[in-house]
Structures are given as structure tokens and as C-alpha cells.
Amino acid sequence: MSSPSPALQQQVTLVELVDRVLNKGVALTGDITLSVAGVDLVYVGLRLLLASVSTLEQLDAE
Amino acid sequence: MTAADALYVYGVVRSDTPADVFAGVEGMDDGPVRLVGADGVAAIASSVPLAEFDTDVLELNLKDGAWLEQKVQAHNRVLAAAVRKATVLPLRFGAIYRGEDHVRTMLGERPELEAQLARLEGLLEFGVKAMLDSEVLRTRLEESRGVEADEGSGRAYMLRKGLARELDEEVRAFAATCAEASHERLAAVAVDARVNPAQSPEMLLNGAYLVEAGREDALRRTVDELNKQFRPDGVAYEVTGPWPPYNFAGEESEG
Numbered sequence: 006m007s008s009p010s011p012a013l014q015q016q017v018t019l020v021e022l023v024d025r026v027l028n029k030g031v032a033l034t035g036d037i038t039l040s041v042a043g044v045d046l047v048y049v050g051l052r053l054l055l056a057s058v059s060t061l062e063q064l065d066a067e
Numbered sequence: 025m026t027a028a029d030a031l032y033v034y035g036v037v038r039s040d041t042p043a044d045v046f047a048g049v050e051g052m053d054d055g056p057v058r059l060v061g062a063d064g065v066a067a068i069a070s071s072v073p074l075a076e077f078d079t080d081v082l083e084l085n086l087k088d089g090a091w092l093e094q095k096v097q098a099h100n101r102v103l104a105a106a107v108r109k110a111t112v113l114p115l116r117f118g119a120i121y122r123g124e125d126h127v128r129t130m131l132g133e134r135p136e137l138e139a140q141l142a143r144l145e146g147l148l149e150f151g152v153k154a155m156l157d158s159e160v161l162r163t164r165l166e167e168s169r170g171v172e173a174d175e176g177s178g179r180a181y182m183l184r185k186g187l188a189r190e191l192d193e194e195v196r197a198f199a200a201t202c203a204e205a206s207h208e209r210l211a212a213v214a215v216d217a218r219v220n221p222a223q224s225p226e227m228l229l230n231g232a233y234l235v236e237a238g239r240e241d242a243l244r245r246t247v248d249e250l251n252k253q254f255r256p257d258g259v260a261y262e263v264t265g266p267w268p269p270y271n272f273a274g275e276e277s278e279g
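Those protein sequence lines, which keep their order, are chains A and B. Under our numbering, the final residue of the first sequence carries the number 67; numbering is consecutive throughout. Under our numbering, the final residue of the second sequence carries the number 279; numbering is consecutive throughout.
If we strip away everything but chain A, and leave its shape as in the complex, we get (with noise of 0.2 Å):
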């Protein structure tokens, strides 16, 4: 396995980040927001994010 380019390796740690920010953690009600952040609209986000770390996989495997 050859060791990730310091950018993947950034994005990765971002993606185990973003996983824990959003979806851990306690969840209160009486948030104003909380239901919009609270299922899909941040996937699309996060969604963004993955799709930028395997497009900086394949030019890493290049």
C-alpha cells in the first residue's frame, strides 16, 4: 500500500471529521435549525465532500 499524498490524506482525515460533526454527538430539539441540518441537506454536503477525496484517489493513483 503506498502511503496517501499529504492532500488525500488531509481530505480523509476531513471526511472522518465531518463524520462526527454530523452525525454524532447529542442531537437537542428546540433548535431552530437542527431539523434542516438534520438528514439530508447536510448529506449533500457531506456528499460533496466524498466525491471530492475520491477525485484527489484517482489522481493520486495516477
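Note that these hints are calculated values from the structure, not bench results. A couple of the hints might just be wrong.
Said to hold, decoys possible - Quick partial rundown of chain B residues pointing at chain A, CB under 8 Å, derived from the structure:
#1 Q94
#2 H99
#3 R101
#4 R116
#5 F117
#6 A119
#7 G151
#8 V195
#9 L234
#10 E236
#11 Q253
#12 F254
#13 T264
#14 A273
#15 G274
From the three backbone atoms N, C-alpha and C, an ideal C-beta is built for every residue, glycine too.
Using the hints provided, position chain B relative to the given structure of chain A.
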């Protein structure tokens, strides 16, 4: 704070937490972080412009990868400032309140927050990921079978094809066994543990471990041992953390 501002809440600490734990830490939009205290617990908060976080705008912003990345980094930066200094209960991204009174009302309605905090005292979260290079494993499995390389006959072709299928099966079985054994050994040095879904096909294990501050070395030693034991099979382990205890803040344990 003006009428155009809202309070973003990152997490909760005990109300006797020294405010200087968060001194100099920049919150979202570089706002200073402050503690909004109630009975027993305090919210870690900073002002954010409603123009960015109001419901209709937020929907658009959340689809903007760059915006989201910036905010997620800020959310973690604030909570990470407390790691090893104070016990934090991380809130999920996006907890927005109209002002301090609103935050105090929320804290007052959630008496269980204090108990949840107490449960996390003196504990650190670490992530451990195991990645499998299945080519390395296949080569090793082939070698251990003493596979004969090239015979041109149709029969040899059929044998190779059957063998490839058997090897696929062996790789899958190894991955499952190795993941389970690894998690078991890591969980043994932890107070609590979670297995999260793999983020890629190569990922054998995506675990989170809640460890006593004094047992951090024991966890790292276990990872070193696992690395030594399974490296010849193509497995590499990586530790991240200490993190704020994101994976152990909520009640739910997703599989």
C-alpha cells in the same frame, strides 16, 4: 450581539469549568467563544450571523462543500480546545439559539445533560481504522497453498478459476475475522466502544474507543501489536485522536 445574531452552541461543559479553557479559541466566523451557564452545566457558545444560519439560507449553505467544511472545522476546533482540560459533551452540528435566555431554557429542560457529562469525565475518544490491501493478502494465501503458476491446458484454467473464487471467499472470511478480533482487543482497553460503518471497501474496521486518560498508552500499544501481527496479511492500522467524545455523547449506538 445584535438582533441579527444567533448563538451557536458547540457543546456542554460543567458550569464550574474555567472560562480560560476556551480563551483565544476562534469560533464560527472568528467570534469569541463564551460559556452560557445554568444550574450545573454551561453551553459553549459563540455569536453567528442569522444571515448565514437562518433556516432558508442554511439549506443552501449546507450544500456548499466549502462553507460546510469551514463550519465543521470550527465546530471541532472549539470542542478540541477542551480535550485533556475539561470534560465536554459534544452537540451535533447545527444547534442554533436566539440568545442566552433561549440557551438557558434549553439547558434547564435537559437535566440529563449533567449525568451524560459525568459519564464522560476523564475519558478520551480515539478512532482506529484498519485498512486491508487485499492484493498482499491474496498473494500470501496463494503462496501458502503452493499454487502452480502457468499450465496452458483448459483443465489448469478451470482450476485457476475455481481457486480465484476460493481465494475471494478466504479474503472475505479473513476480513471479518480480523475486524472482529481487532475490535475485541481494542475494546478490552476501553471503557466503551463503537463500530461505525466502513468508509471505503478497503476499510476493515472503523472503530471508536472511549479510553481513560491514563490508558491512552495501552490503546496505542494494542494498535502497535495489531500492526505487527497483521501487517504480513496486508492490514494497516491507524489511530486518530484524542477527539472530543462525539461517538459517546448520544444514547444511540449505530452499528
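Cross-check of the supplied hints:
1. A cut of 8 Å between beta carbons decides the hint on Q94 of chain B: the least distance to chain A is about 11 Å, and the hint is violated.
2. Given the 8 Å rule on beta carbons, the hint for H99 of chain B holds: about 5 Å separates it from the nearest Cβ of chain A.
3. Checking R101 of chain B against chain A by beta carbon gives a least distance of about 10 Å; that is not within 8 Å, so the hint is violated.
4. The closest approach between the C-beta of R116 of chain B and any C-beta of chain A is roughly 4 Å, which is under the 8 Å cut-off, so the hint is satisfied.
5. Taking 8 Å as the C-beta contact cut-off toward chain A, the hint placing F117 of chain B at the interface holds, the least distance being around 5 Å.
6. Interface hint at A119 of chain B: satisfied, since its Cβ lies 5 Å from the closest Cβ of chain A, which is below the 8 Å cut-off.
7. At its closest, the beta carbon of G151 of chain B sits 6 Å from a beta carbon of chain A; the interface hint therefore holds under the 8 Å criterion.
8. Taking 8 Å as the C-beta cut-off, the interface hint given for V195 of chain B is violated, the closest approach to chain A being about 15 Å.
9. Using the Cβ-Cβ criterion of 8 Å, the hint placing L234 of chain B at the interface with chain A is not satisfied: the shortest such distance is roughly 12 Å.
10. Because the closest C-beta pair between E236 of chain B and chain A is about 20 Å apart, greater than 8 Å, the hint is violated.
11. Checking Q253 of chain B against chain A by beta carbon gives a least distance of about 17 Å; that is not within 8 Å, so the hint is violated.
12. This hint is violated: F254 of chain B has a C-beta 13 Å from the nearest C-beta of chain A, more than the 8 Å allowed.
13. Given hint, T264 of chain B at the interface with chain A, holds; its Cβ is 6 Å from that chain's nearest Cβ, closer than 8 Å.
14. With a cut of 8 Å, the hint placing A273 of chain B at the interface with chain A holds, because the nearest CB-to-CB distance is about 5 Å.
15. For G274 of chain B, the interface hint holds, since its Cβ comes within 8 Å of a Cβ in chain A; the closest pair sits about 5 Å apart.
Hints 1, 3, 8, 9, 10, 11, 12, counting from the list given before, are not met by this structure.
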